[in-house]
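Colleague: These are the residues of each chain, in order.
Protein chains: 4
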Amino acid sequence: MNDTLKIADKVFTSRLFTGTGKFGNHQLMEDALLASGSELVTVALRRVSIDGEDDDILRHLHHPHIHLLPNTSGVRNADEAVFAAKLAREALQTNWLKLEIHPDPKYLMPDPIETLKAAERLVKEGFVVLPYIHADPVLCKRLEEVGVAAVMPLGSPIGSNMGLKTLEFLHIIIEQSNVPVVVDAGIGTPSHAAAAMEAGADAVLVNTAIAVSGDPVRIATAFRMAVEAGRMAYNAGTAAIRTQAESSSPLTDFLN
Amino acid sequence: MNDTLKIADKVFTSRLFTGTGKFGNHQLMEDALLASGSELVTVALRRVSIDGEDDDILRHLHHPHIHLLPNTSGVRNADEAVFAAKLAREALQTNWLKLEIHPDPKYLMPDPIETLKAAERLVKEGFVVLPYIHADPVLCKRLEEVGVAAVMPLGSPIGSNMGLKTLEFLHIIIEQSNVPVVVDAGIGTPSHAAAAMEAGADAVLVNTAIAVSGDPVRIATAFRMAVEAGRMAYNAGTAAIRTQAESSSPLTDFLN
Amino acid sequence: MNDTLKIADKVFTSRLFTGTGKFGNHQLMEDALLASGSELVTVALRRVSIDGEDDDILRHLHHPHIHLLPNTSGVRNADEAVFAAKLAREALQTNWLKLEIHPDPKYLMPDPIETLKAAERLVKEGFVVLPYIHADPVLCKRLEEVGVAAVMPLGSPIGSNMGLKTLEFLHIIIEQSNVPVVVDAGIGTPSHAAAAMEAGADAVLVNTAIAVSGDPVRIATAFRMAVEAGRMAYNAGTAAIRTQAESSSPLTDFLN
Amino acid sequence: MNDTLKIADKVFTSRLFTGTGKFGNHQLMEDALLASGSELVTVALRRVSIDGEDDDILRHLHHPHIHLLPNTSGVRNADEAVFAAKLAREALQTNWLKLEIHPDPKYLMPDPIETLKAAERLVKEGFVVLPYIHADPVLCKRLEEVGVAAVMPLGSPIGSNMGLKTLEFLHIIIEQSNVPVVVDAGIGTPSHAAAAMEAGADAVLVNTAIAVSGDPVRIATAFRMAVEAGRMAYNAGTAAIRTQAESSSPLTDFLN
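Chains as they are written, first to last, in the UniProt record's numbering: chain A, 1 to 256; chain B, 1 to 256; chain C, 1 to 256; chain D, 1 to 256.
So that you can see chain A by itself, here it is in the shape it has in the complex:
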């Protein structure tokens, strides 16, 4: 079966997107990302903007199957986001962009108003925009209307590893969306990732849970398998929840 994911003009065979933050060193990052099988890797602009660095992060991301997804992490409003996006396009030679606007330094929650405003402008300027947002079904539709390539609702606060606290709202988003839905933020374990895929998400983005693990390469492999397992289960159709028990085995009636 051909179960690929298309976003804008790119076709992905892996539904596990990853990030580059928080790894102990660049080599470990590279090894983990290769183990993950990820074909879309987000990178903060700042990581790539310093000239003359000896061990530049980009060198470690230079693999034919890896597409870069610059992000605007740290910007606080639409103007800063558009500015950062253009710098990123210049520096990384790609018009793909993970749009993140979070004015709140403590919980890093995304700003729905500035995100929509920036998305609209960036789409008009030719960017392929993937906005990181709250799991807000109406906001997702409005972003879709201005032309984003996918939506990236959060599962729980960034870096919290709490999993799919927003599941009820992700169900609605997935049901209503005409663009791919990528669950981003809060996914702390492979089972969380599998659950997102079982719920019908098109992909997940995992960073912290891989980067801060005691064994990033192994956990990256685990996430890869869990995402495939969850997707496979979604395609097979998972069983419904029942409120009354039903025996798997025929009750042994020879005793009666």
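By construction, these hints were calculated from the structure, which means they are not laboratory data.
Wrong hints could be hidden among the right ones.
A pair counts as met if it fits within one copy or between any two copies, since identical chains are not told apart.
Okay, derived cross-link-like pairs now, DSS-like style, lysine-lysine, Cα gap no bigger than 27 Å in a straight line [to be verified]: (1) Lys124 with Lys86; (2) Lys141 with Lys165; (3) Lys10 with Lys106; (4) Lys10 with Lys165; (5) Lys22 with Lys124; (6) Lys141 with Lys117; (7) Lys165 with Lys106; (8) Lys117 with Lys106; (9) Lys117 with Lys22; (10) Lys124 with Lys106; (11) Lys165 with Lys86; (12) Lys165 with Lys124; (13) Lys10 with Lys124; (14) Lys124 with Lys6.
Given the coordinates of chain A, work out where chains B, C and D should sit on it, guided by the hints.
Modeller: Relative to chain A, chains B, C and D alone:
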């Protein structure tokens, strides 16, 4: 790394145990069980006790890597369990036994008192006993004391597909047990199975969720991958849950 | 202790806000609202806009302690909301307004963009605005900045009775807000209402769960008590969750 | 309406049972218990067994509406429990007994086997037995068969304040039981207590959450109200959970 599971004298490379109930037909069952990679398959005594059946279930379970685990599904007390166990040993030529005693025909909840009584007798008679029980930490220790080979606490009611409702108690059981812990009943999706493995369970038993799926072979494959992913995550060490956000990316401070 | 709630210029002793929809008849509604002790009752514009109705709803809401809170239920954008708000002000002689904008007819999820736009205009026109919104911490701050009198984040989808699915985000909103936080939508049982108050919400709004109950007067009384209990617990400080057991009783050591 | 609870020969108007452990001092305990309205108060044998104590705990429990419920906290098997029960009957002049047997000093989980054994003996010796047990539906039925006056399944580990982790199993127990069901252990907040009552529990027992609060008298009052609210909601019939939104207000169609 050599991460095998030993129960009594047998070594397993797969940590996904399966069952034979509820499949549409024997061939479909065989295909799904092969896809699952399972090396321990439980079968109800009644399924194998009819002479002269044309398409006997055992023929479909006859693979070198598959060990049979007869179960006593349907018995209501210790006496019936011991009687059924001996019949099963005779019929299937194995002293392994999944001990299930559930007097309640509606929710099929296991009986702790009769299970302990039967376990003690069966161990003395040379059986390798794996009892299916409530997620009761003290009962697990008492069963361990009488010599069971593993404990099989439930995740939620049989056939409910509700997942790990007993997680808080499974944590305690896993922490305290000196015999393998196999989570049985209630596992409805691959993400549930992965979560059990991440929590440190030694194995899971899945039947209904595979058998009643629209595509048992594919979902069996998904469960196989999810169990491996969950185990791998457990070995790698999963990330802790945080209550405050932490950005994966360095905040873009070039804007300041 | 004087534990009142102030919103704009009004002081409330009851923290249970209610609605008027879905009741079997107006008399039953009146009886239930009186039993609830509610001092702020939301009413849809359409209910009050028909001339010459024999049993007008307003007659049943005419009690000295009950303040009306007209809502804009059914409008799909800011323009419609402003228009409806002015009609409501005229008809009900109050500048208080529950601002609801939900373009989605299936799940009735609120629109963050139009809600902020309308809130800004209505505040400038002298309305006391209480917007119904997703549990989005940044949106709450932005609404606070344009001058709303309180924020009304949802607990779960309207009419779902699922309780506080958004609890993690409500915690953040409550921590950060400088205006009262009223949890609206999804509260299906008194225990849900108590949990919202224990989490530090300033008030809750309950409608469906009272109106469609088999006994609205009794359930309204139950909600009143639960809200008071939850608030009292919040003020007393609730106990922390522990991960290891601690006996309430001294262990009986005379046996040793 | 006359909604009292009968256990053995006693009729209770309050469904909030309490304990005496962990309070800062006896006077604070007395004040909190009076505020709770509780008519059944459990007390560990050891607290009352020291002669010549200046401020004996019993003096603070000497109120006409308060019945004492001695408990066997700390015993590790049936023999110790029976011995402790007889001492308690002698010392407190009551044949009521909360039977607690927990061999595990860390999590204080109850032992199902010893509890059933002790219960059978104590019932035969004329005790009114209320056993504290895991939320195990079959064990509850077996205890009922040997004549216990009520069953006391746990909500979550003692002192954990985690609430109703066992809710799925409590539903089954409540559906099947012919004796009163008292949820004991783990209830940390008034909303937890209300939820237990809404689920149909006959009563709850709360100790730690009251005793260790910063304001035991106020939190005791909150628990009293929450238990009444939850019971009232149960009697009124709570609303069902819906998976699709339904507006409380008529959608404002005058705009169309």
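Colleague: Determine for every hint whether it applies to the structure shown.
Modeller: To see whether the hints hold, each was checked on the structure:
no.: 1; hint: Lys124 with Lys86; verdict: within (13 Å within a copy, 36 Å between copies)
no.: 2; hint: Lys141 with Lys165; verdict: both (21 Å within a copy, 21 Å between copies)
no.: 3; hint: Lys10 with Lys106; verdict: neither (34 Å within a copy, 33 Å between copies)
no.: 4; hint: Lys10 with Lys165; verdict: neither (30 Å within a copy, 35 Å between copies)
no.: 5; hint: Lys22 with Lys124; verdict: neither (33 Å within a copy, 45 Å between copies)
no.: 6; hint: Lys141 with Lys117; verdict: both (14 Å within a copy, 17 Å between copies)
no.: 7; hint: Lys165 with Lys106; verdict: both (19 Å within a copy, 22 Å between copies)
no.: 8; hint: Lys117 with Lys106; verdict: both (23 Å within a copy, 26 Å between copies)
no.: 9; hint: Lys117 with Lys22; verdict: neither (29 Å within a copy, 38 Å between copies)
no.: 10; hint: Lys124 with Lys106; verdict: neither (32 Å within a copy, 31 Å between copies)
no.: 11; hint: Lys165 with Lys86; verdict: neither (34 Å within a copy, 38 Å between copies)
no.: 12; hint: Lys165 with Lys124; verdict: neither (33 Å within a copy, 36 Å between copies)
no.: 13; hint: Lys10 with Lys124; verdict: within (19 Å within a copy, 47 Å between copies)
no.: 14; hint: Lys124 with Lys6; verdict: within (21 Å within a copy, 45 Å between copies)
Hint compliance for this structure: hints 3, 4, 5, 9, 10, 11, 12 are not met, and every other hint is.
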